[in-house]
Amino acid sequence: MDDQALQKDEMQEIIDEFIVESSELMDHVIQDIVTIEQSQDEEMINGIFRAVHTIKGTSSFLGFNTLSELAHKAEDVLGLVRKGEKSIDQEAADILLESFDLIKMIIDDIRSQGTEKQNTASVLEKLKGLMEGKKQKTEASITPSVPVEEEKKKIGEILLEEKIITKSELDDVLKKQKKDKDKKIGEIVVEEKLVTEGQLKNILTKQKTANKEEQSIRIDVKKLDELMNLVGELVLGKNRLILVNSLAKKEDTSDVVFDNLADITNYIEAITNELQLSVMRARLVPISKVFNKIPRMVRDLCGEFKKDIELKVEGEETELDRSLIEALVDPMVHIIRNSIDHGIELPDERERKGKNKKGLLTIRAYNEGNHVIIDIFDDGKGINMQAVKDKVKEKGLMTDSELASLSPKEAMNLIFIPGLSTAQKVTSVSGRGVGMDVVKTNIEKMNGQAYIDSEEGQWTKLTIKLPLTLAIMRALIVKVEDELFAIPLNTVTELVKLKEGLIKTVDKNEVMVLRKAVIPLVDLLRTFSINKEENKDGYVIICNVGEKTVGIKVHSVVGQEEVVIKPLGEFLKNIKGISGATIRGDGKVILILDIPSVILNYSNQKKAYGHLHSVAGTAAASVMN
Amino acid sequence: MKTILIVDDSPTIRKLLGYILKKKSFVIAEAEDGIDAMEKLGHVQVDLVIVDLNMPNMDGIEFVKNLRDNYFYMDTPVIMLTTTKDDKLKKDAFDAGVNMFLNKPVQPNFLLYKVESLLSEEEDHG
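Residue numbers (our numbering), protein chains in the order written: chain A, 1 to 625; chain B, 626 to 751.
Be aware that a few hints might be false.
[As the list claims (entries may be wrong)] Simulated DEER-style distance windows between Cβ atoms:
{"id": "1", "chain 1": "B", "residue 1": "Tyr738", "chain 2": "A", "residue 2": "Lys8", "range": "34 to 40 Å"}
{"id": "2", "chain 1": "B", "residue 1": "Pro681", "chain 2": "A", "residue 2": "Gly237", "range": "34 to 40 Å"}
{"id": "3", "chain 1": "A", "residue 1": "Leu227", "chain 2": "B", "residue 2": "Asn682", "range": "32 to 38 Å"}
{"id": "4", "chain 1": "A", "residue 1": "Asn119", "chain 2": "B", "residue 2": "Met699", "range": "25 to 31 Å"}
{"id": "5", "chain 1": "A", "residue 1": "Glu310", "chain 2": "B", "residue 2": "Lys716", "range": "30 to 36 Å"}
{"id": "6", "chain 1": "A", "residue 1": "Lys357", "chain 2": "B", "residue 2": "Gln732", "range": "57 to 63 Å"}
{"id": "7", "chain 1": "A", "residue 1": "Lys306", "chain 2": "B", "residue 2": "Lys716", "range": "48 to 54 Å"}
{"id": "8", "chain 1": "B", "residue 1": "Met725", "chain 2": "A", "residue 2": "Ser87", "range": "35 to 41 Å"}
{"id": "9", "chain 1": "A", "residue 1": "Gly354", "chain 2": "B", "residue 2": "Pro681", "range": "47 to 53 Å"}
{"id": "10", "chain 1": "A", "residue 1": "Lys117", "chain 2": "B", "residue 2": "Glu687", "range": "28 to 34 Å"}
{"id": "11", "chain 1": "B", "residue 1": "Phe697", "chain 2": "A", "residue 2": "Gln7", "range": "33 to 39 Å"}
{"id": "12", "chain 1": "B", "residue 1": "Tyr738", "chain 2": "A", "residue 2": "Thr115", "range": "27 to 33 Å"}
{"id": "13", "chain 1": "B", "residue 1": "Glu748", "chain 2": "A", "residue 2": "Ser323", "range": "53 to 59 Å"}
{"id": "14", "chain 1": "A", "residue 1": "Leu80", "chain 2": "B", "residue 2": "Met699", "range": "34 to 40 Å"}
[Unchecked claim] Taking lysine-lysine pairs in the DSS-like style, the calculated list, with each CA pair at most 25 Å apart, reads:
{"id": "15", "chain 1": "B", "residue 1": "Lys729", "chain 2": "A", "residue 2": "Lys83"}
{"id": "16", "chain 1": "B", "residue 1": "Lys690", "chain 2": "A", "residue 2": "Lys83"}
{"id": "17", "chain 1": "B", "residue 1": "Lys710", "chain 2": "B", "residue 2": "Lys649"}
Calculated from the structure, these hints are not laboratory results. Backbone N, C-alpha and C define an ideal beta-carbon position, used for all residues, glycine too.
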């Protein structure tokens with residue numbers, strides 16, 4: 001490409017456009033190939049051909065020769081398919097998908113580094129083989145396209161940026177690594193006690209996300225986010241007006257002013273509500289963005305695990321906030337992988353059990369009020385509850401009596417316990433468990449909930465419940481001493497007025513009995529180290545997250561409000577138990593409680609008191625005996 | 626001021642060609658396939674067309690045939706810009722009535738030169 005003819009920024013703009021266009025084309029093509037493998041469709045083949053053709057043409061224009069050559073060879077194969085001289089069988093689909101994956105990788109390279117870095121030789125060879133009708137040896141194709149260079153941010157760099165270790169410490173670690181080449185930096189820093197394992201985990205996820213660049217849909221997201229922010233401010237203004245209005249009403253002065261004020265309040269309230277809704281809608285993206293990737297994934301996993309599975313996807317048009325869509329991909333991948341790997345049995349085994357040879361995997365999304373529900377259902381072997389319980393006992397996470405007191409559902413959801421999943425052994429026994437705690441944590445980060453239900457030998461259903469949007473939510477404002485806190489209303493199930501004798505102590509922990517259920521209590525005074533004497537009256541807010549129920553002791557309840565969630569900023573963002581802050585009508589900043597982490601914190605607290613059997617995340621269960 | 630219509634299904638190519646042509650202050654119109662282009666021609670006066678061959682809905686050759694059927698565009702210069710090197714398609718394109726057949730990728734200055742010379746030929750005739 002003649003650079004003189006175009007200025008640098010113009011060129012960059014064109015390349016950006018190219019990246020967006022070709023990524024979209026590739027995503028479509030990959031889906032279409034999977035469809036075509038099942039049933040040949042001429043129009044679809046033409047579409048695939050055209051897309052690859054376009055990429056070939058454009059990339060040659062921009063001087064991306066590796067990409068162009070790869071697209072060219074794929075186009076040749078597709079040309080034969082189009083003329084009906086070749087059909088897309090599994091082998092052809094495998095090779096084509098491999099080359100499209102490679103094209104995507106090259107596009108990613110161009111996005112992140114501006115150059116092509118992938119080695120295409122082996123894929124080109126396979127495409128050539130396909131042209132000549134040769135049979136490919138499958139063994140030869142294990143991992144043919146290894147990225148030439150890992151361009152992830154190095155852990156050391158991140159640790160430095162986060163000011164967790166100093167430069168000299170990092171140099172020491174790097175020296176050590178040179179001596180002991182097999183060790184990862186992460187392992188060394190943990191050994192050297194420079195960071196804790198928890199910190200390392202955080203960093204590792206950061207490293208992953210740093211690499212994932214903001215994919216753009218056609219709308220400029222920044223603009224949308226700005227709008228969302230503005231609307232947030234507007235909602236705050238509305239709150240303020242409402243407050244002024246109610247204040248003004250109390251004093252008997254000029255009626256006219258107040259009438260006007262009331263008018264304005266109504267007006268602004270209506271407008272902001274509308275604005276908020278429409279902007280929120282603009283941010284919503286159909287969940288098909290995630291779902292579209294599933295057929296391809298299931299296809300590949302079926303090959304990998306030798307399973308035969310019929311996939312049903314429903315409700316692709318269900319809409320969800322954009323930020324949630326992105327965060328949803330990893331947990332979904334994990335869950336589906338689990339279902340295929342450990343849930344659904346091999347075809348022979350299914351036949352022996354009298355099941356349909358073909359396994360069924362259903363993924364369904366739908367709206368329920370202000371929430372989106374995603375069900376992932378498989379008719380595999382289900383969860384062996386006893387195996388899960390045994391594992392929990394073996395790990396020393398709970399005692400016999402604790403386990404015995406669990407309801408079947410609670411027992412099922414034990415698979416989400418962090419300590420359990422790392423064992424990995426549970427997979428071979430019960431068929432589930434690898435990294436389920438990660439799934440749950442990720443979903444709870446999105447203010448969502450995850451739970452599992454199953455019938456052993458028959459089916460498993462994992463349900464994800466997500467809020468439509470993250471930025472604005474309804475909250476219950478409560479008062480602890482003189483401090484106000486907001487509790488997300490979606491977790492609150494009921495309020496109980498405290499009476500003398502309602503609170504009992506079990507194992508030195510406060511609990512209360514509500515309709516025969518024992519509910520552990522969290523005292524915010526203690527959680528946030530507020531030094532005040534305990535109060536005897538007030539309320540208990542009963543909160544429910546997944547299968548866990550806790551009561552939160554507060555002094556008084558102020559009321560319900562729509563709050564705009566503001567992040568706490570760099571310094572304060574990792575405080576346990578707090579998910580953000582909001583500004584009230586009178587301009588005061590109040591903190592929003594993060595209920596899942598309050599529960600977790602509470603259980604950790606108990607551990608610290610020396611109760612060996614207390615379990616992170618199952619506070620409810622541990623006091624049931 | 627001369628107007629040039631770019632017909633290509635790839636927005637990247639349209640943008641790229643647009644930037645090249647704007648250097649010589651041409652006015653640019655864009656269409657994403659043959660049908661879209663026919664519509665644009667209905668309300669924009671166009672002096673030259675650059676068209677891709679392989680496009681959805683209506684491909685380049687089909688489009689040129691339609692264009693030549695239209696009284697107003699019988700003589701409008703058409704450059705076909707495509708990756709195809711197929712001789713038969715090239716012949717089909719000339720039969721349909723394109724004035725010039727260029728292969729992608731094209732050097733910007735070369736394209737500008739061709740565009741200008743086609744346009745000046747047109748002026749000489751008129």
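Hint-by-hint comparison with the structure:
At about 23 Å, the beta-carbon gap between B/Tyr738 and A/Lys8 misses the expected band of 34 to 40 Å. Separated by about 48 Å at the C-beta atoms, B/Pro681 and A/Gly237 break the suggested range of 34 to 40 Å. Between A/Leu227 and B/Asn682 the CB atoms are about 35 Å apart, so this pair conforms to the stated range of 32 to 38 Å. Separation of A/Asn119 from B/Met699 is about 52 Å and departs from the stated range, judged on CB atoms against 25 to 31 Å.
At roughly 49 Å, the beta carbons of A/Glu310 and B/Lys716 sit outside the given window of 30 to 36 Å. Our hint of 57 to 63 Å for A/Lys357 and B/Gln732 holds, since their Cβ atoms are close to 59 Å apart. For the hinted restraint 48 to 54 Å between A/Lys306 and B/Lys716, the CB-CB distance of approximately 51 Å keeps it satisfied. Separation of B/Met725 from A/Ser87 is about 38 Å and conforms to the stated range, judged on CB atoms against 35 to 41 Å.
In this structure the hint that A/Gly354 and B/Pro681 lie 47 to 53 Å apart at CB holds, the actual value being about 49 Å. Between A/Lys117 and B/Glu687 the Cβ separation comes to about 40 Å, which falls outside the hinted range of 28 to 34 Å. The supplied range of 33 to 39 Å is met by B/Phe697 and A/Gln7, whose beta-carbon atoms lie about 36 Å from each other. For B/Tyr738 paired with A/Thr115, a C-beta distance near 30 Å keeps the hint of 27 to 33 Å intact.
About 56 Å separates the C-beta atoms of B/Glu748 and A/Ser323, a value consistent with the hinted range of 53 to 59 Å. A hinted range of 34 to 40 Å holds for the C-beta pair A/Leu80 and B/Met699, which are about 38 Å apart. Taking the CA atoms of B/Lys729 and A/Lys83, the gap is near 24 Å; set against the 25 Å cutoff, the hint holds. With a CA separation close to 24 Å, the supplied pair B/Lys690 and A/Lys83 stays within the 25 Å bound.
For the suggested pair B/Lys710 and B/Lys649, the alpha carbons sit about 28 Å apart, so the restraint of at most 25 Å is broken.
Figure legend: structure checked against the earlier numbered hints; hints not met, in rising order: 1, 2, 4, 5, 10 and 17.
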